[in-house]
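Peer 1: Listed here are the chains, written in short residue letters.
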Amino acid sequence: MTDRQSPVDNFVLRNFRLIRTIVVILLGWFLAALVILAISRDRGTTLRSFFLGPLSSRVLIGSLFETMTPLVFTGLALAIQFQAKQFNLGAEGCFFIGATVGTAFAISTRMPTALHIVCTIAVGAAAGAAWNWLPGYLKAKYGSSELVCSLMLNYVALYLGLYLINYHFRDTAANEMTSYRLPTTATLPRILPGTRLHIGFLIALAVAVLFWVFLYRTKWGYQIRMVGSNINFAKANGINTGRVIVLAQVIGGAVAGLGGIIQIMGIDQRFLYESLPGFGFDGIVVTRIALNNPLLVIPSALFLAYLKVGGSYMNLMGDVPAELVNVVEGVIILLISSEALLETWRYRIMMRKASER
Amino acid sequence: MNAILKSILSLGFVAALLRVTTPILLAAIGGAISTMAGSKNLALEGIMLVAAFVGVIVSAFTHSVWLAVILGVAAGVAVASILAWCALKLNANIFIAAIALNMLASGVTVFLLSIIAHDKSYSSSLQSLVIPDWNIPLIRDIPIVGKILSGHNIMVYLAFAAVALYSVLIYHTPLGLRIRAVGQNPDAAASVGVSVFKTKFIAIVLSGVLASLGGLYLSMGYVSWFGRDMTSGRGFIAAAAVALGVATPLGTMGASLLFGVVMAISIYMSSLQFPAELIQVWPYVATIAALVVFSVRDERAARKKTGRDVVGSSGSRQ
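Order-wise, the sequence lines are chains P and Z.
Note that the first sequence ends on residue 357 in the working numbering; no numbers are left out.
Note that the second sequence ends on residue 1318 in the working numbering; no numbers are left out.
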């Protein structure tokens, strides 16, 4: 039997999920353009600032990579948990706890530069890991919903974190609610002059590669993926599923906490959040677009960062609020999660292929 | 400590308890209906937010409370319908779809708030209305009892009426029977001719109606303005109340009241010299504690029944 099938059909079938994702992203952009066209009074400027703004200057390109950095971390946190089919949405709280506990540690210790940076990062990651252990443990031991538990823990993290900073590390000389400055020994070096782009960006890329290796090239990674694809099969094959469930969530919590403390050490150099910053929920968009693949998290985070930087630039230059980006994000997750979307198209190609045979 | 006890035993505390419980109870009864049909609705948060927003905007521009309530509910139902369509027709994971809708609700409301009220945090520049209180004739004249029972916002009465209505619906009507059948065993229900899609869709839409009422109460009764992300997790607390009350009418009401008590106490304690953050955290900690207690109980019951560990089969328990 010779291969008479059209190469286009084969390509579509093989990369169906990727193509569907790209279609959804384009739809999201299209929707943004429609909204801008509908409500803006200065359409040219607003459209241009939203779609091309992020590339218009060196500072903005720097801020593109700055914005992308925390998104890579929270995207990875959710990717590893979604790979194990754990719907833990606690990355938000882990990010916050990593940032607050890390800040507290950095301010209250004195060390030489390199050691201080390494220790602070380690404390942030450990705090995130410990924070995410509880939903994992409860799920593994009692089968209780990690989803509700982690969502509640996000609020607990918010209030406990704020308490820690406001009552013990608050800079009373400053006008706003903010912590003391981090000692210079615990701040991350900047890597692009004139911007706030810091070495955390490179750490994020390295962690993404590490995660890929871990998930696809190690025994533990294999077990996580197996638990995700079929937990009963994994169990029948002698995998300690409870331990894998906890492991996936602890690692996810660690990388989210890492993102939190690196954001503080690299960008603000003091803790100044007064509410949950939302990076954990952005991570859901990132990992959904990346199809839960750690390497694809990098371009996916870049895409979301592009939207965000474009959104705030548009807010500044044009007349449409930056929250348009949140709307687009929601629509993108909704459409990507709708698995049956475009399914009839795929089905038609499959039928055509079958009849050609 | 004495001061706290004294205030808990006061009439003011009862009023405060009813005020904080109402939005949670309305949303929780909604969540209970869809949970009974086997589709947990975690978009309660977003539905409440959208309804709260639409209520404020419509009442500010039309000066009609009732039009605001109707359109607020319509908007919440629209969100619920999107959830139902994505989950039931487009095969989306219902939790992820719900989280997406919550994000969407948060984004859309702030986006429109900033366009309409030129403020990204509060709607205070708009003159919005509130849903009136109800002074019950005769009962209001009874000493003490009248003060406890009468004079609350109409939504407070509606919330408790919803518990009774839900009980009637679920145990005494054909639709209720279908909802329970679909929730317990969709295949068996389908085999006797019940449309699983239609039944679940109706249940999710009903949950949208009730959650919308809860949201409307927040912005048009509890306070008289809309604030960015003003639901602050109440939809999730409602979802936890459903889990705690195993979706039964009385159980769900009891769990909602329990969360209400915790919230009301935390409001009272904030007048004392105590860090506000450590008080605000209470309801969420209570939710987690309740979740733990009931998971342990369920797991013990399941283990007794089957004699084996439940983790493997717990995928469906989500």
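Hints in this document: simulated from the structure, not taken from any laboratory.
Watch out, some of these pointers could steer you wrong.
To be verified - Covered stretches of chain P, going by a simulated chain Z footprint (3 or more residues, C-beta under 8 Å):
| no. | region |
| --- | --- |
| 1 | 70 to 76 |
| 2 | 194 to 202 |
| 3 | 254 to 267 |
| 4 | 295 to 304 |
| 5 | 317 to 325 |
As the list claims (entries may be wrong) - Distance condition first, Cα-Cα at most 25 Å in a straight line; then the derived PhoX-like pairs of lysine-lysine:
| no. | chain 1 | residue 1 | chain 2 | residue 2 |
| --- | --- | --- | --- | --- |
| 6 | P | K141 | Z | K1089 |
| 7 | P | K85 | P | K219 |
| 8 | P | K85 | P | K141 |
| 9 | P | K235 | Z | K1198 |
| 10 | P | K353 | P | K141 |
| 11 | P | K235 | P | K141 |
| 12 | Z | K1305 | P | K141 |
| 13 | P | K219 | P | K235 |
| 14 | Z | K1198 | Z | K1089 |
| 15 | P | K85 | Z | K1089 |
| 16 | P | K235 | Z | K1089 |
| 17 | P | K219 | P | K141 |
C-beta: ideal position from N, C-alpha, C; glycine also.
Peer 1: The structure should be examined with respect to each hint, and the outcome stated for every one.
Peer 2: Checked hints:
1. 70 to 76: violated (count 0)
2. 194 to 202: violated (count 0)
3. 254 to 267: Our answer is that it is violated, as 0 residues pass the Cβ test (under 8 Å) against chain Z, missing three.
4. 295 to 304: It is violated: at least three residues are needed, and the region 295 to 304 of chain P offers just 0 whose Cβ sits closer than 8 Å to chain Z.
5. 317 to 325: This one holds; 4 residues, not fewer than the three required, reach chain Z with a Cβ under 8 Å.
6. P/K141 x Z/K1089: Since the Cα atoms of P/K141 and Z/K1089 sit roughly 33 Å apart, the hinted pair is violated (cutoff 25 Å).
7. P/K85 x P/K219: The given pair, whose Cα atoms are some 18 Å apart, holds under the 25 Å limit.
8. P/K85 x P/K141: Distance of about 16 Å is within 25 Å: holds.
9. P/K235 x Z/K1198: Distance ~36 Å between P/K235 and Z/K1198 Cα, so the pair is violated.
10. P/K353 x P/K141: violated (47 Å)
11. P/K235 x P/K141: holds (15 Å)
12. Z/K1305 x P/K141: Given pair Z/K1305, P/K141 holds - Cα atoms ~17 Å apart, limit 25 Å.
13. P/K219 x P/K235: OK: P/K219 and P/K235 at ~15 Å, within 25 Å.
14. Z/K1198 x Z/K1089: holds (11 Å)
15. P/K85 x Z/K1089: Holds, because 21 Å separates the two Cα atoms, which is no more than 25 Å.
16. P/K235 x Z/K1089: violated (31 Å)
17. P/K219 x P/K141: Cα-Cα ~23 Å, so holds.
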